[in-house]
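> As a plain string of letters, each chain reads:
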Amino acid sequence: MDVRTLAYDNLPDRRAALKSTAIGFGQLAFASLLQQKGLCKGGDTSSEPISASSDRNDAVGIVLGPHHKARAKRVVFLFMKGGPSHVDTFDPKPMLDRHHGKPLPFPLPRVTFAKQGNLLKSPWKFRKYGQSGLPVSDLFPHVAKHVDDLCILRSVHGTNPAHGGALLKLHTGSDQFVRPSMGAWVTYGLGTENENLPAFVTICPTLAHGGVNNWGSAFLPASCQGTPMGNASMSSTKAAVKHIANAKLDKSDQRKQMDFISMLNQRHLSENPDEQVLSSRLDSFELAFRMQSSMPEIQSISGESQATQRLYGIDDPVTEDFGRQCLMARRLIERGVRFVQVTHSDSEVQWDQHSNLYHGHTKNSAEVDKPIAGFLMDLKQRGLLSDTLVLWGGEFGRTPTAQGNNGRDHNPHGFTMWMAGGGVKGGYAYGSTDDYGYYAAENKMHVHDLHATILHLLGINHERLTYHHAGRDFRLTDVAGRVATDIFA
Amino acid sequence: METAAVADRKDLIRRLKYDLLGLPPTVEETEDFVNDTRKDAYRRLVDQYLSSEQYGVRWGRHWLDVARYADSNGLDENLAFGNAWQYRDWVVNSFNSDKPYGDFVVEQIAGDLLPDADRSAITATGFLVLGAKVLAEPDREKLEMDTIDEQLDTTGKVFLGMTFGCVRCHDHKFDPITQADYYGLAAIFKSTQTFGDTNTGAIKHWNEHVFATAEDLESMKEVEDRIAALKKSATDFRNRAYGDLRQKVRSQAVDYLVAATSVELDMSLNDVEEIAAAKGLHPRVLHHCRKHLQFHPNDPVFAPWHALSGDKHAEQVEALYRERFRKAVDFDPKAPKKDSEVELADGDDFDVGLYHSALMDNSGFLAVPPKPDFAFDASTYQEYGRLMEEARLYESAAPDVDSVMSVKDGEIVPELAIHIRGNHRNLGPAVKTDVPEVMRFAAGKLPLSDQGSGRLALARWLTSGENPLTARVQVNRIWGWHFGTGLVQTPENFGVLGDRASHPRLLDWLAAEFVENEWSTKKLQRMIVLSSTYQQSSSSQASSLAQEQDPGNRWLWKFPMRRLEAEQLRDAILAVSGKLDVTLGGKTVPLRNRQFVFNHTSVDHTKYDSVRRAIYLPVIRNNLYTAFEQFDFPDPTTPTGHRSVTTVAPQALLLMNSPLVIEASDQLARQLTAKSESESSRIESAFLRILGRKPDATESAAASKLIQQVSDGSSSSSVVAWSVLCQSLLAANEFIYIQ
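In order, the protein sequences belong to chains A and B.
Take the first sequence: its letter number 273 is residue 272 in numbering that gives the first Met the number 0, and every next letter is one higher.
Take the second sequence: its letter number 643 is residue 642 in numbering that gives the first Met the number 0, and every next letter is one higher.
Looking at chain A on its own, in the form it has when it is part of the complex:
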């Protein structure tokens, strides 16, 4: 083959097929912009993938129905930045207690983040809870009361032992390239149910270790990107969407201004009637105007009863910050937001206890235990838990071996996350790690498998949720992903 013909190889013009749907794309873009409710419905059982292409100018959004019956309608991801230790929380290891101080009886991974010593037993006791009798450590006494709602995934594993790579892997499926985040993929597939709100919101995310890429849309349409409320450096009382309020104008003056802009834009449109994008922009102003009312309303929790606020621990400075984030998450999903991430992160990488495991984890669990339990309880009481998938976990777990004399290193080779609600079995433990908790052993669940399973619960076949970009179809799960059907209720 001659290089000169590379560009114009005589292939059927696949764009000819798309051409006839060009107007359709435009309408979908418009629909996505308004994120209308009706379009997200409908059981598409055809074998057509949910896909579009970024090579086209006009393909700025697509909202299609699910592939199969969805068990969950929405996701709340409670992200514990830094890597909570599984062997100290939800994955008890009696052998670790027994062989405390001895060397790990099998080889370490080829690459570890830091130098590791001998086995270190957990400073916490595990107790059995609920009808299922699943063990939870003393770090999570409140969450433990909901153990019969938890599906504990004890065999999750990833590939990257550093925070940045592991965060990116967990959030986007890739630790090497900038790829769309899972929330963006979910939004791309399902859209939102509320035309006044973005479909994907992330509350107080960390700007380090991948930052915006962890909620970005990469090559997916921009309307799929997560909308951040604040960031990890600020208290959740200040967590707001950027530019959501006008510092100078009151509502009625701004309405008059909007009407004036709208008049100018209508006239401009009438001179250029074929430019569909001009009318999209008119609508985008109206949506923005509505968001100005709807977002602050969600942020303000003053309408919530004292009892509810107490349930989330908002009356206690230790739990107040995370409690408020969880409560905002409930208010968002209640109003139709599809994917909400809540991040527990502070200036010390939160759960990253390379040393002082005991003190750090005690403090961290105290900050989140009650709010999470309150959140689960509240969802249950409101009938939201059954179709909301709650996901809890960090970017990796921690080693059963000691770092220094009282810490644990990063461990991406086997760790625990848990799910609740959204069509998963409650009071159920899936998979396992080895006797000491170093490597995932039974029913291993790679991060790609986790993604495939989440999409499946939402009614999406992960192999068919594709996006055409740079010459090929991309997926959240790349070329991997196995759905863990065993965990379905």
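For the record, the hints were derived by calculation from the structure and aren't laboratory data.
Note that this is a predicted model, so its numbers are computed, not measured.
Glycine included, C-beta positions come from ideal geometry on N, C-alpha and C.
Don't take every hint at face value.
Claimed, not checked - So, partial list: chain B residues that the calculated Cβ filter (under 10 Å) puts toward chain A:
#1 Glu76
#2 Glu136
#3 Val262
#4 Glu263
#5 Pro649
#6 Ile661
Guided by the hints, dock chain B onto chain A, whose structure is given.
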């Protein structure tokens, strides 16, 4: 096909100036052009703009999209690329001086290997270093292959319009590129050094070429020492404060144990605070102390605390522990070994050594919070913050070692093993350094006689004029930057899965002309903007038949209406309000080289309030400037020859509520109200300055009504009301779209 009429002059000058310089024409400029009756008025305008130094700012920025330019690494560890600006300035200067594209390419791939390699040529190789790298990747082999992959994929997309990324793991599924081809090219980059020998902890440093003299480096040591000293004084302060706090807490050990008897396990910190305050204790330490007791019921030191309970719990705890801890304080574990069991007066046995350890254990029952804002009182915390900020500010503004991001030849590997499925632990047969087999045209075989990495040979092969892709890919991008869409709509993919050219013969002809005209970008552009196609009106009313035949305007029967790009919009807002500073060049990222943009704190210190042109605002990966991000600034980790254009609500929020737009509107309003004028002539000036035209009667009346309503009829020169009007015009589609 019937084509649109020639655009009217107002539209034409606005289109041309935005296109070539990225700026809106002034009122006077437009008027002069409209009234210029000379036959070659347009030609003169084109030449004037092409020779303006603002041209390089606009067109250099296009190239920076392609070069995935950024001022920070992004990805896992976001360190500042404190010297990237020199590459940026090299690009701007190259466009302004119309550096032949062939040379432009050679210098970026192999400038350091040229016989007369000077500072400028070495700076150009920054192109290969600008990629986002997983700097903290603990697996060095993986890091190296990932970096090579990024360089290879970028090189392929940028210069050949080919996607090589997937070939790392398997033969290209659609294009005639095999894994052997990939590793033949990878060997070139394997022989190239992209990383330096230094590091910050687990974070590796990229390579830089140092120009600084030994003397410079010596004086730089003072700066480094000062940075270290400032950081140390903050840490020392923190450690001292922690030391003092621990000491104090230890002296109150028994008080904590006593107070803990009134703390219920589930008590909120507010309630704990009340108990602590009454006894002069630290509430969070007390809170933790109670939890610690709970978690250690069998600890010999705390078992008695649990055993004692009931009404007199506090008194009994006091009685039991007071004397024991007094002894524990005095206990010296290093003293000559003796039995540490001590018998107290009342005959109670206890192990004083254990009590001593419990007391001294920093993560024990008296652990103080690791977060300074939880541990310290307000004034201590404030002082600590002040010292940290002082160190950060000094470091941010401190001078850098005179150096540029660059590559150099490293250990030469003439061949590289195929990595089966891309896995660096699973190696197949070795392949020799070469270009892909399908591209080995007769005269183009890679001459590897130079014994180096092969980069220079690769660059020469790309730009020999015989490789048709090099020129075609660039010409296509340039066309796309003028018309909004390339002749091939996928500028980074000319492969089988890429788009097919709408006008293949035009593309080939332009590419041939480009090479023939000594790779002159300006000559090519001059030809494009002087064409009748470029000068057409964008009005679709011109031809309803064409509208029916080609609604997508692929055949360019009219000029495509375009939305302003992020930088154009931001610069235009500043330009019409008279705030824009058009100075060229220099370091503008407010960070020292390799300084953390974010460490773990997520505090964003980067400011975007500079009034320099947008190309000079920091490009921070992982956290782009909001105005950029919302208006489709490309992902600065991947080459982008064609920006997408989206319409999302946050764009409207930004236009309605951001300080950028509000401050510019205020500025305009102040200028408008400074002169005593009638309301209607003020409205006219506002329209003229912002939209470049006068309002008609309807618009004028609506504007007047808006002003009356917003100022409550109190005063027609209310700055607020005029600001609202100006902001409306800045947010209007007419301002944001180019006809």
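> Which of the numbered hints above does this structure break?
3, 4
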